[in-house]
Each structure stands twice: as structure tokens, then as C-alpha cells.
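Undergrad: The primary structure of each chain is shown beneath.
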Amino acid sequence: MPSSRRVLRRAPLVLVTIPLLLTACGRGTTAAGDGDPGITDDSIMFGTTTSLSGPTSAYAPLPMGIQSCLAEVNDKGGVTMGDGKKRKVEFTMLDDAYQPSRAVQNAKKLVEQDKVFGVLNSIGTAVNGAIYPYLNEQKTPQIFISSGATKWGASPDTWPWTIGYQPAYATETAVYVEHMKQSKPGAKVAILYQNDDLGKDYLNAFKKLSQDSGLQLVGEESYETSDASVDSQVVKLLQGKPDFLLAATTPKFGAQAIKKKADLGADTVIYLNNISAGVESTLQPAGLDASKGVITAGYLKDPTDPRWSGDEGMKHYFESAKKYGKFDVTSVWGVNGYAICDTLVKVLEQTKSPTRQAFMDAVRAMDFDNPYLAPGLKVKTGAGDAFPIETLQLQEFDGKNWRMLGEPISYEGKTPKLS
Amino acid sequence: MSRTGVVTRLRDVVTVKTAIQAAVLLAFVIFPFVSPPFQVHQMTEVIVFAVMVLSVNLLTGFAGPISLGQNFFVAIGAYTGALLINTGMPFAVPIASVAAFLVAAVVGLLVGACALRLTDVYLVLVTVALGVLTPIVIKRFEFTGGSEGLPVHAGQASAPAGLAQDQWMYVVCLGVGAVVFAALAYALRRPWRLRLTAVRDNELAARVIGVNAAKTKIMAFAVSSGMAAVGGVLYAYVVGLVAAEAFTLLFAINLVVGAIVGGSRSLWGAVIGGAFIVFVPAWTSGVNEAMGGVVYGVAVILAVILLPGRLTDIVARLRRSTGGRDRLPLNRTPSQTT
Numbered sequence: 019m020p021s022s023r024r025v026l027r028r029a030p031l032v033l034v035t036i037p038l039l040l041t042a043c044g045r046g047t048t049a050a051g052d053g054d055p056g057i058t059d060d061s062i063m064f065g066t067t068t069s070l071s072g073p074t075s076a077y078a079p080l081p082m083g084i085q086s087c088l089a090e091v092n093d094k095g096g097v098t099m100g101d102g103k104k105r106k107v108e109f110t111m112l113d114d115a116y117q118p119s120r121a122v123q124n125a126k127k128l129v130e131q132d133k134v135f136g137v138l139n140s141i142g143t144a145v146n147g148a149i150y151p152y153l154n155e156q157k158t159p160q161i162f163i164s165s166g167a168t169k170w171g172a173s174p175d176t177w178p179w180t181i182g183y184q185p186a187y188a189t190e191t192a193v194y195v196e197h198m199k200q201s202k203p204g205a206k207v208a209i210l211y212q213n214d215d216l217g218k219d220y221l222n223a224f225k226k227l228s229q230d231s232g233l234q235l236v237g238e239e240s241y242e243t244s245d246a247s248v249d250s251q252v253v254k255l256l257q258g259k260p261d262f263l264l265a266a267t268t269p270k271f272g273a274q275a276i277k278k279k280a281d282l283g284a285d286t287v288i289y290l291n292n293i294s295a296g297v298e299s300t301l302q303p304a305g306l307d308a309s310k311g312v313i314t315a316g317y318l319k320d321p322t323d324p325r326w327s328g329d330e331g332m333k334h335y336f337e338s339a340k341k342y343g344k345f346d347v348t349s350v351w352g353v354n355g356y357a358i359c360d361t362l363v364k365v366l367e368q369t370k371s372p373t374r375q376a377f378m379d380a381v382r383a384m385d386f387d388n389p390y391l392a393p394g395l396k397v398k399t400g401a402g403d404a405f406p407i408e409t410l411q412l413q414e415f416d417g418k419n420w421r422m423l424g425e426p427i428s429y430e431g432k433t434p435k436l437s
Numbered sequence: 069m070s071r072t073g074v075v076t077r078l079r080d081v082v083t084v085k086t087a088i089q090a091a092v093l094l095a096f097v098i099f100p101f102v103s104p105p106f107q108v109h110q111m112t113e114v115i116v117f118a119v120m121v122l123s124v125n126l127l128t129g130f131a132g133p134i135s136l137g138q139n140f141f142v143a144i145g146a147y148t149g150a151l152l153i154n155t156g157m158p159f160a161v162p163i164a165s166v167a168a169f170l171v172a173a174v175v176g177l178l179v180g181a182c183a184l185r186l187t188d189v190y191l192v193l194v195t196v197a198l199g200v201l202t203p204i205v206i207k208r209f210e211f212t213g214g215s216e217g218l219p220v221h222a223g224q225a226s227a228p229a230g231l232a233q234d235q236w237m238y239v240v241c242l243g244v245g246a247v248v249f250a251a252l253a254y255a256l257r258r259p260w261r262l263r264l265t266a267v268r269d270n271e272l273a274a275r276v277i278g279v280n281a282a283k284t285k286i287m288a289f290a291v292s293s294g295m296a297a298v299g300g301v302l303y304a305y306v307v308g309l310v311a312a313e314a315f316t317l318l319f320a321i322n323l324v325v326g327a328i329v330g331g332s333r334s335l336w337g338a339v340i341g342g343a344f345i346v347f348v349p350a351w352t353s354g355v356n357e358a359m360g361g362v363v364y365g366v367a368v369i370l371a372v373i374l375l376p377g378r379l380t381d382i383v384a385r386l387r388r389s390t391g392g393r394d395r396l397p398l399n400r401t402p403s404q405t406t
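Residue numbers (our numbering), protein chains in the order written: chain A, 19 to 437; chain B, 69 to 406.
What the hints contain is simulated information worked out from the structure, not anything from laboratory work. As the structure is a computational prediction, the values presented were derived from the model and not from experiment. Every residue gets a Cβ at the ideal spot worked out from N, C-alpha and C, and that includes glycine. Where hints are given, some of them may not hold.
[To be verified] Computed Cβ-Cβ distance ranges for the label pairs, DEER-style:
hint, chain 1, residue 1, chain 2, residue 2, range
1, A, Asp387, B, Leu170, 55 to 61 Å
2, B, Val102, A, Asp346, 42 to 48 Å
3, A, Ser371, B, Ile134, 55 to 61 Å
4, B, Leu170, A, Asn154, 32 to 38 Å
5, A, Ser231, B, Gly354, 50 to 56 Å
6, B, Pro162, A, Gly204, 55 to 61 Å
The following block holds chain A by itself, in its conformation from the complex:
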């Protein structure tokens, strides 16, 4: 120790020399080369920082779906972009394990070392929240984020390089409120929500949207993801004899709520939020009989749903994912990846010149069909509309499959007003 103390005594002296070194070695700003990074005459490069491991690794099929879909695109020669040149689309995935610190590191690596053209679909509100100031400062497109928070589309003027993809949770809530209003005016509603941004987005949107709707909020209970069960919350909520129960949950807790409600024999109708609406992940554990009559709103085609067995888009998905993919093709997140890839390819076809600005211009003026989205849904943006998907399809569970309920409900261009 004595010797190291001597060094440490000298440490201030060494540190004082820093200012000298600054002037001597200051890096200065590097001059930008000609053209934007990550694009050549025959290739364009995207990267992502995403959840390949860690607490949200269940979403891993999403980036892997994008990767698999792009592998197919490249196999067929690439994308003919708006400037007439055919380019292959490269895609680099970096794992952040849902840790913001690793996401920042990854974003810097992608931009500065790998020199990507843009960052495509990172997963999670916290991860994207950590990297979006940096990416906007670097004028690097950060597109098709997987997070239902409204902030990704709320202020495109302040954050011109960032855009989401899926419908905001608020939009989904609006669809439920609309349906509740129509099926029973003046109904009593209770809400079970996960105590985080996910659950609270539903809760807050519901409170706002139901204000003049005649709907009556008779109970709200929250739970933590670390809770063992939501049974006591459900019992408490059902004591208010609500007509409808909105479950803003994740799959495990959605299943518990459905099961408990059935055990209690209540005739309350459950509105289950989209991310919990998997047949295998939620309804089977809850019991298919118990799940009869549950309502949800979706935007993707569910790969486990036999309804789509003859569907061209889904047939192509299964073929392609089995050939090029390394993930569980029955995961709805894989379909999500293909949907995002399809939109990306269409944007590239509309990109008039090989610059990031031209690319973002195309992103801000999308109007595309998508073979992986529920019928009738569009990917659409425009002036004052920075939310790609704003339409949802209501569905009811018939004990075996989801059955479509009426026409898709659209809030095209209206999302900011909902939350």
C-alpha cells in the first residue's frame, strides 16, 4: 500500500496536466465525408440494439424476424430504391439485455464504428428513451420503435429522426371505450393494470376518454410484475359488479384474471389488452372455456390462428421464416418483425435519393398496405401524423379462436388527442 499511496499523492499532479493535454491533443470535430454514412451504390446498412437476452428476451423473435425477412429480400437481389439503384439491406443486431447503459453503448457503436444508415426497431420504452437524444443529435434515423408510448410520435418537430410503429396503448384504449359505449351505454367499468408505464398508459387514457362517454369507473387495482397472483385484486374489483373489466396486463396476469373471474362466476366481460391476447400464452393457461367472450383489439395476424392458414401473407411468412429464420415461427413477434421489414422495404422504394433526409421524408409520408397486418389496416403517416398504425380490429374469443368483431376501428391521425 505505501507505494501506491505515493502514486496517489502524485495523482493530482498528473490530473493537472490534463488541460495541457487538451490543447495538445484535442480531437476537434471530424469533417463529414461526402454522402451519408451506411449507404453505398449497392448496399444500405441498418442496426439495432435490442433484447436478445435479459428480462424481455421473449421479444427476440421480433429483430430475428426482421433479420430473416431481410435475408430473403437480399437473396432475391435487394431493394430497388427510389433513386433507381438496387441495394442489399444489411442488418446488425446488438444485444442490450434491456439495459439502458448497454443500449447507449450499442447505439454509439452502431453510429460511430459500424457507421449504420439508421437504427431500426429497438425494443422498450426505457431503451429507446436512453438513445433517442443521441440519435437525433447525430441525425440518424431511429425508426419503427417497439413501444406503445405516445411520446415517439407526439413531437416530430423536436425529434425529427424518431418514429414508432405499433398503435399507441392510448389508441387501443380508445377502441375499447368506443366498443363499451356502444354495447352498453352507461356501463360500469373496472380496471386491472400493471403498475408501470404500460398499465398506467391504459388507465390514464381510459380516464380521459371515458369522461363524457357515460361510462362509470367503479374500481381500479394495480399489481406488480413481481406479485404471485392478482386474485385478490380481481375479487375486489368484481365486488363493484362491473359490466366490463379492462385488463391492462402482461400474459401471466391476464390469464389469472380471466381464470379468477370465471371461478367467481361473474358475468363481467373482460377486455384483454393486445399484448396479453395470445391464445397459447394467456387463454390456454386460463382455460379456453373460461376465456369465452373475452374481447381484445389487434393489429397483427396471429401465427397460431388457423383463420390465416389460407392467407397469402401468412403463407409467405411461414415459408420464409422457416427457410431464413432462427426463431420460433409461431411467435407473434416474428410476424411483427416481418411487418416492420415489409414497411421498411416499401419506404426504401420510395426514398428518392440516398440520404437520411430523403429516407425520413419517405417515412413521414407512408401509405402502405401490409400483408402481415389484420385486413383493412394501413401503415400511414403524413403531415401532422407521426403514428404509423392507428387502426385496430376488435376480436372476441369463441372458445377456440379469435373471431373478428365488426369492422376495424380507425383513429388515423388522431392518436395525439387520445392520450
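Fit chain B to the known structure of chain A by using the hints.
TA: Below, chain B without anything else, positioned relative to chain A:
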């Protein structure tokens, strides 16, 4: 002083150990000016995690108790840092570091006074509870930004002329980190270090010879908590967002892994631990996209199995075997130390 006297004196000061340490320190200072921004950022994160690992080293390596609740104190620091930095005050990072140290040390004192009555596995369980509760508690409050997290505006204009943002962040973190390291090195001089070691090795015996074991452990816990909070301030500054999801139990476990891999009874070991936390997961996820987590787990197991004496010990052994004239502890013969 005669000429030979000066030479002897120099030889005495410039041992292999000090030479290496000086070189490492110098490398740290020069690094940001010769490296690309991305690597500078990575090294800044290494410094940030090194400070946190150092707090684990003090508690677990020197004092003994194992804590898996260090994420709690890091979070205290991170939110203190975020709130103070966002006020836009000058010298926000050093001021926040001092504030966070004091707040966390007081909280650590209270927690330690309660928890350290327990021993061994019970103490670990209490700290696990603390670690698990941290993200849940954060989400309950509004000022923390809920689970969306709190953005930290480090201020793009804060870097002085001639310095890029990443270089300035590095310099600030290196400065704060160096103060923490130096302060701990100073505190770990003879009396306290011996007391800690005595309590760690045999608490009963320590008490018999008059060491106040409870006080010693609680002090170590409080100081360690404060240091973790300083790491939290730097984390908020460097990452630019503090969110509940970041400070899970896994965060605390990673710090302990870093401490074990780097060598928990060493100051420089904390730097190795910090580097492990930053570089190894990034490296393992590059090996195989789908199996990053598994490869990381294997890397940790391998590091612990293959380097049972800790990385810093290997350095010490190498030095001895190459005949470095490092002083050996007075009461030990060379054969006893290996």
C-alpha cells in the same frame, strides 16, 4: 544528500508496482485524446462501473458482508444526480456526487444498523429484498419519471472549448472516480484496514481484542453505500436516462460478479471488474446473437474457475515470479503468500 543516496531513494520509490500503476494512470489520462468517441464512451462506462464495483469491494472484500442490494444505493445516486444535473447548475456532477454520497451514506447507516444485526445468509436475504424492491419503489413515485424513466440533460454545451462531449464526460468521470479511489486508498490505511480485516476473518476474535465489530461493519456499509451512489451519479450523467428497469437485482448481481472477477480485496481490481461488466457482455453477445446470455454465463463461470485467485492476484504472482522487488507483508515469508 549524496548522489548515491538519491539513487537509492529513487529505487525505493520506483518499484515495479508504482511504475505499473503510474503507467496505467497515465494511460487513463491520455486515452480520450487518442481514441475514437465510441471507445471513449466505453471507457467512461468502465470508470462508472469501477466506482460501483469498488463500493462492493469495500463492503464484501474488506469488511465481509455480501450485499445484493447495491442497486438500491446506485439508484439513490442516479436519481439525485439526474435531479441536480437537470437543474443546470454549474459543477452539477461533483456537487451531486457529494450530495448523493451523503444521502446514501445516511440511508446506508440506517439500513446497515438494522440489517447488519443479521449474519450470513439472513443478511444476504435482506439485501436481496432491497434489490428486488428498488425498481418497484422507483415506479411508485412521480419525480422518478415512473417506469418511463427520467431523462438527464447533461448539457451539450457543458464541454469546454477544444473538447468533444465524450472527452469531457470522460474527464469528469475520471476526476470524480480518481477522488473516490484516492479517498478509499487513504481511508484504508492501517488502523481501519486492520479492523475491517479482523472483523471479516473472525468477528469473535476481533471483539475479544477490543474491536467494535458492529460499528466497523456499519461504517463500512455506510461508506460503501455512499460510494455506490457516487457511481449512480456518474451513471445518470453518462447514460443520460435513469429508469427503474435499469436498477434491478441483476444490476447488483453484476456488480458482485465484477468484484469477484476483478479481485474483491484490491482497488485496481475494481477497474478490472468494471471493464468486465462493460466489455464481456458486449463481446459475448457478438459471439452468438441468440446465445449471448448463455455465453456470458459461461464466461463468468470460466473466469471464476480458471482464475480462482482473482485477476489481480495473477498480476501479483507474475510480478513475484519475474523477480519484481515488491515488498512482501512483514510477517509472511514468500512461500506463505503463494
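Undergrad: The structure should be examined with respect to each hint, and the outcome stated for every one.
TA: Going down the list of hints, with the structure as the test:
1. A hinted range of 55 to 61 Å holds for the C-beta pair Asp387 (chain A) and Leu170 (chain B), which are about 60 Å apart.
2. A hinted range of 42 to 48 Å for the beta carbons of Val102 (chain B) and Asp346 (chain A) is consistent with their spacing of about 46 Å.
3. Take Ser371 (chain A) and Ile134 (chain B): their Cβ atoms lie about 59 Å apart, and the range 55 to 61 Å holds.
4. Take Leu170 (chain B) and Asn154 (chain A): their Cβ atoms lie about 35 Å apart, and the range 32 to 38 Å holds.
5. Distance hint for Ser231 (chain A) and Gly354 (chain B): a CB-CB separation of about 52 Å, consistent with the stated range 50 to 56 Å.
6. For the pair Pro162 (chain B) and Gly204 (chain A), the beta carbons lie near 60 Å from each other, so the given range of 55 to 61 Å is met.
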